[in-house]
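With the hints as constraints, model all of the structure from the sequences given.
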Amino acid sequence: MSEIVEKILSNYAGETPGVVGNLRKMLNTGTLAGTGKMVILPVDQGFEHGPGRTFEPNASGYDPFYHPKLALESGCNAYAAPLGALEVVANRYAGALPLILKLNNSDLLGDPGAPASALTGTVKDAVRLGCSAIGFTIYPGSPARNTTYQQIRDLIVEARESGLPTVLWSYARGSMSKEGETALDVIAYSAHIACQLGAHVIKVKPPTSHLERADKDTKKAYENIPRETMEQRIRHVVKSCFDGRRIVIFSGGEAKGTAEVLAEIQGIHKGGGFGSIMGRNAFQRPEADAKKLLGDVMAIYKS
Amino acid sequence: MSEIVEKILSNYAGETPGVVGNLRKMLNTGTLAGTGKMVILPVDQGFEHGPGRTFEPNASGYDPFYHPKLALESGCNAYAAPLGALEVVANRYAGALPLILKLNNSDLLGDPGAPASALTGTVKDAVRLGCSAIGFTIYPGSPARNTTYQQIRDLIVEARESGLPTVLWSYARGSMSKEGETALDVIAYSAHIACQLGAHVIKVKPPTSHLERADKDTKKAYENIPRETMEQRIRHVVKSCFDGRRIVIFSGGEAKGTAEVLAEIQGIHKGGGFGSIMGRNAFQRPEADAKKLLGDVMAIYKS
Amino acid sequence: MSEIVEKILSNYAGETPGVVGNLRKMLNTGTLAGTGKMVILPVDQGFEHGPGRTFEPNASGYDPFYHPKLALESGCNAYAAPLGALEVVANRYAGALPLILKLNNSDLLGDPGAPASALTGTVKDAVRLGCSAIGFTIYPGSPARNTTYQQIRDLIVEARESGLPTVLWSYARGSMSKEGETALDVIAYSAHIACQLGAHVIKVKPPTSHLERADKDTKKAYENIPRETMEQRIRHVVKSCFDGRRIVIFSGGEAKGTAEVLAEIQGIHKGGGFGSIMGRNAFQRPEADAKKLLGDVMAIYKS
Amino acid sequence: MSEIVEKILSNYAGETPGVVGNLRKMLNTGTLAGTGKMVILPVDQGFEHGPGRTFEPNASGYDPFYHPKLALESGCNAYAAPLGALEVVANRYAGALPLILKLNNSDLLGDPGAPASALTGTVKDAVRLGCSAIGFTIYPGSPARNTTYQQIRDLIVEARESGLPTVLWSYARGSMSKEGETALDVIAYSAHIACQLGAHVIKVKPPTSHLERADKDTKKAYENIPRETMEQRIRHVVKSCFDGRRIVIFSGGEAKGTAEVLAEIQGIHKGGGFGSIMGRNAFQRPEADAKKLLGDVMAIYKS
Amino acid sequence: MSEIVEKILSNYAGETPGVVGNLRKMLNTGTLAGTGKMVILPVDQGFEHGPGRTFEPNASGYDPFYHPKLALESGCNAYAAPLGALEVVANRYAGALPLILKLNNSDLLGDPGAPASALTGTVKDAVRLGCSAIGFTIYPGSPARNTTYQQIRDLIVEARESGLPTVLWSYARGSMSKEGETALDVIAYSAHIACQLGAHVIKVKPPTSHLERADKDTKKAYENIPRETMEQRIRHVVKSCFDGRRIVIFSGGEAKGTAEVLAEIQGIHKGGGFGSIMGRNAFQRPEADAKKLLGDVMAIYKS
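Residue numbers (the numbering used here), protein chains in the order written: chain A, 1 to 303; chain B, 1 to 303; chain C, 1 to 303; chain D, 1 to 303; chain E, 1 to 303.
Since the hints were made in silico from the structure, they are not lab data. It is possible that part of the hints are untrue.
Pair ranges (Cβ atoms, derived) [to be verified]:
(1) E:91 with D:220: 54 to 62 Å
(2) A:150 with B:16: 23 to 31 Å
(3) C:91 with A:124: 41 to 49 Å
(4) C:124 with D:2: 43 to 51 Å
(5) C:163 with B:4: 39 to 47 Å
(6) D:162 with E:178: 41 to 49 Å
(7) A:209 with B:16: 35 to 43 Å
(8) A:150 with E:259: 52 to 60 Å
(9) C:256 with D:65: 36 to 44 Å
(10) E:302 with A:299: 40 to 48 Å
(11) B:59 with A:299: 28 to 36 Å
(12) E:178 with D:2: 36 to 44 Å
(13) C:10 with D:296: 47 to 55 Å
(14) E:4 with D:226: 46 to 54 Å
Ideal placement from N, C-alpha and C gives every residue a C-beta, glycine not left out.
Pasting the structure below:
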């Protein structure tokens, strides 16, 4: 038993043993097992951005077996994907690697009017495929807010009944500037909303030092919140997640250079972030490079 | 057994013992136990206004344990919060302090088109977390009226089946002027609607002497209703709540000075109001100040 | 057993004994018991128009006990109100006075876009409160027609399963002139629609001699339908309700003078109307006046 | 056993005995029993057009008993009406005359935005009232298509579970010219859609020789389809109904002269139509005339 | 047991034996039995384009028995049609020929606002009719995306519970140019989405060499993807379907000349496509020609 893991899990003291058990399993898997940190490999970009754009940079990725193998061999804590991709691989990987079924997805072909992913999987699918958690994306700031929040409200209840925790992707989008989507105040607010909705693990983008909301009270509050370094900004986001009592992890965002990625991870780690969910920056590189990068990232989190 | 509490509860004579029992528990808790008055600490502003803006003024508030502790130690009758925050603390506070789960919430990041909070929790969650009541916000005046009223209609039925009473936040918003949202006629009307919807406890803002509705009959009626003092206005609101047969309490509104707060409480008390629901004015002050203020407020209600 | 009541009930020959039994109870209650006529006291104006405007003219009405007491002591056949008001009084009046739960309501604070009341109570509430019928408002002419008709379609089925008949308020509103809302052709049409939807008791406004629909066939038909006197117009409305095989009663409309009210009642009675549903004209007068008026109205229906 | 009826029923070989049995009952009722032809009396015009306009031409029709009596005495195969009217008469006519409950209806008072009838009855109502089939109206061409088609999809399944076949009124309306609503290509298409939706009996209007759709392929196809006479046009519509394997009957449309009606029936009969559904042209005439006309119509179908 | 079929089925290793069994049955039926290739005859054009336009070119097609007979005698793997047509023939063909029930359909008479087919059949219907699979159409690119994806998400789950696999028609339509609907990147993306939604068999149109999406990453990716020949383009689409782990078949599109059809089939075959779904190009020809063409197509797939 890892003391640090058990301390984190004590923040979920009212949860069912089924849900806590799956969180424990994810935290005790892979290279970072027992450290209280997580690195998750998510591959939903085929759905979200199209297969050519997503997999052509490293064509091994057309094969849905490539990703869970990469996750397992790199020592990731879990692998997340939409329904179809998991259906291909679950028979081989369930029980070997924690799987997270993304229950909603968006694509770039059409525009449903307001940022809102379509429901594409069910909790029963997650159970059938031997998953350890469900994943879901909300877009705080979307005019479709009520529909989406009500969907995840009901899915969390249903997932709990099957012993599954919920990983919530919280991406502000809609009534704000492009820059505002990663503004510190917006990221902290998006993470807090995800916590309040009952998510067990929250995933947001690394915040910039930009501030978006212009009301007097928000501006006043942020005068006292240091935000120059990534470490400082991460610290505020973690604080906004029930003072560090919820697992909050950060995406890598757009594909970029290795040095840039690792610097960001350093900031996340120092600021108290619980880890990373790293997709394109990993699987779009050649396999060896990807493993090297994931290894380096994990080394930082173990440091 | 407090005679005054039992007299209030006799107004709920047709209710189930489960629902009446939870009302009795809340009325018999804390400093005001047995007085028939209530002071509730609500903390949903992290969700509604953002975490930085809400908790930075008193940074202890980032920790969700801070609030129920403050409520308990200050002698509040109950503590109300959204799902996520209650999930963190319920394991420790259920049974020690009446908890109210806010079942819907709004945020400032987006705009769903019409004032309407998103459903963010379920009655089953309230039961699971050991709560004593559910909370819900309606916005009389919103074009989304029918959807919202129908949601609370169904939730009240479901809550009753679990022995839980309903606390209804009734905030007029939508087709009226900003000033009209707290106009005496609008506040009285909003409180009356909440009563008619079957709420057990109604929460509205303290009314101003402004009148919003301009139809002949309303104007004529208000010629005879004194509305210069807060006491007079509260009296009319209480009368509009089935002639005082429903517990109606008042919010503190925006953060303001201590003297101003206490003067308002005096008016509420003299006018026959059943108490206060006081959030930002309490938890955004330093802990000692907050306890002092809550103590002073309770002293007025006991006077 | 009243022969006239049994004759009316024979028009509901295919109904369940539970539903027929509650109709029988209402027809055999109060001053008009056994006459086949009904006077119902409805008090939903607090919700529909606001409490100040509604109850200030006779401030006794702020107390929800005032109305069922007035109904009982005046010899009314039934008392109708929204959920909240009935919840206060049902424990005392169930079994003593037939109660009708209004299952949907509208208010004047906001505008849901199209005339359509919000669902504010359930059939289970009506059963729980010991009611003898459910009440519901439709607005023929509203763009929200389909939603509303489908709601009452389902509620009637559910009410029947609990042995409760349905009283349908049918108020034309929407795609017509203000004058058209009480036009003879529109009132007759609205009443007919309510009958076709399966209502057991239909309530419409007294029609004027105005004609609204301008299509050739409607105009031709009304050339032969006398409509100068209230008696003639009522006769056409009753005929439009399955040739008098459904109980159709008439509202008093806006508050007005006693002579005017009684003259209208005379017309309704002579035209074969089954009675009145009289709210504001009754409860906004001083108690003694209200009882006198209701007594005079009932005397006409007994004549 | 009528050979011709059994041959028609063999087209429903996969159906349940309950559904086939009710079709058999309708085909073996009245003057046309055993001929494989049907004349149905529908009276939903009180709802659809208003009671004055509908019943004043023959005032006996205000009485809902008039119509099933007329249907029975005229030897019709079935009588169709909305919920309320059937509830008045079902107790007397169930078992004596096949009854069809129209499950959706429209009215002329309002406009729900797109052609779409409101659900006004349930399959359970049809069972309770001893009906032999359900009726439903679709408006191919309406922007509300998906909602309406999905309603009838579910109702057909539910009706089958109670052994009830479905009669589908298919009236093109919406995105086409007024003339197009009865164009041959549109009527054939509307009838085909009704067949594909699973209707057992399809009712359309008699087609004109007009063609509405202007796409190249449709125009080319209709170059070879003769459409000068009603007989030719009916033949194409029957062919479009699975090559005559579904019972397709035709409405009489607007009230018109006797000669005109009978000429149309001749065309329907010669073209292979399965019969008529004749409302206004029958019940708006004096009783004797109506019976004479229905007798003449049936004589043609027997010829 | 066909090794090649079992190899294909091994890609569905996590599926229920019921679902796999029906896939196996379809792959082991007809001329192509055991080859791992499929040719399906779909006839939903009567619904989608109208009966005259669809069946007049070969008038035998008005008879719904013509098509399954053609499919059976031509050695097709399965026959797909909407509800009504299958209801006519299922009693004769269930068990003799795999049937696929198309659960949603669109028509050309109206426009529901956004590309979205209406639900016209249920999974229970498919079971009742002895079908081997359900069919469904999605329109990636439609503003109605979320509704449609959520429908198929639920239908796949329900179909699986009855042992039925899902064939998904994936036609990009909506926010793109007409040319873009068959662009290689769009077709590959549409096919990938269908895979991710959990389809077992995917049907798309043969792609052109056009590219639709103009974002930098997509353009870059397609620089390395050869797309001059049909074979190359098919190869990319198959790769986009989980690297060939899902059965992807291609429609014939608009009716065209025999040589053109066979050339296209050659490309599909060489590119690794799993077969064709060929409607108009088959059933609109005279029977003998249709059988000849289908035979030639199958010969290519066997080569």
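Against the structure, the hints:
Between residue 91 of chain E and residue 220 of chain D the beta carbons are some 34 Å apart, a value that contradicts the proposed interval 54 to 62 Å. Between residue 150 of chain A and residue 16 of chain B, the C-beta spacing of about 28 Å keeps the proposed range 23 to 31 Å intact. At roughly 44 Å, the beta carbons of residue 91 of chain C and residue 124 of chain A sit within the given window of 41 to 49 Å. The hinted range of 43 to 51 Å is satisfied by residue 124 of chain C and residue 2 of chain D, whose Cβ atoms lie roughly 50 Å apart.
Taking the beta carbon of each, residue 163 of chain C and residue 4 of chain B are about 40 Å apart, inside 39 to 47 Å as hinted. Between residue 162 of chain D and residue 178 of chain E the Cβ separation comes to about 47 Å, which falls inside the hinted range of 41 to 49 Å. Hint check: residue 209 of chain A to residue 16 of chain B, Cβ distance near 54 Å, so the stated range 35 to 43 Å is violated. The hinted range of 52 to 60 Å is satisfied by residue 150 of chain A and residue 259 of chain E, whose Cβ atoms lie roughly 55 Å apart.
The hinted window of 36 to 44 Å between residue 256 of chain C and residue 65 of chain D holds, with their beta carbons roughly 39 Å apart. Range check, residue 302 of chain E to residue 299 of chain A: Cβ separation about 55 Å, and the 40 to 48 Å hint is violated. The given range of 28 to 36 Å is respected by residue 59 of chain B and residue 299 of chain A, whose C-beta atoms sit roughly 33 Å from each other. At roughly 54 Å, the beta-carbon separation of residue 178 of chain E and residue 2 of chain D lies outside the given 36 to 44 Å, and the hint is violated.
Distance hint check for residue 10 of chain C and residue 296 of chain D: the Cβ-Cβ separation is about 36 Å, which falls outside the suggested range of 47 to 55 Å. Range check, residue 4 of chain E to residue 226 of chain D: about 52 Å between beta-carbon atoms, so the 46 to 54 Å window is met.
Of the numbered hints listed earlier, those contradicted by the structure are 1, 7, 10, 12, 13.
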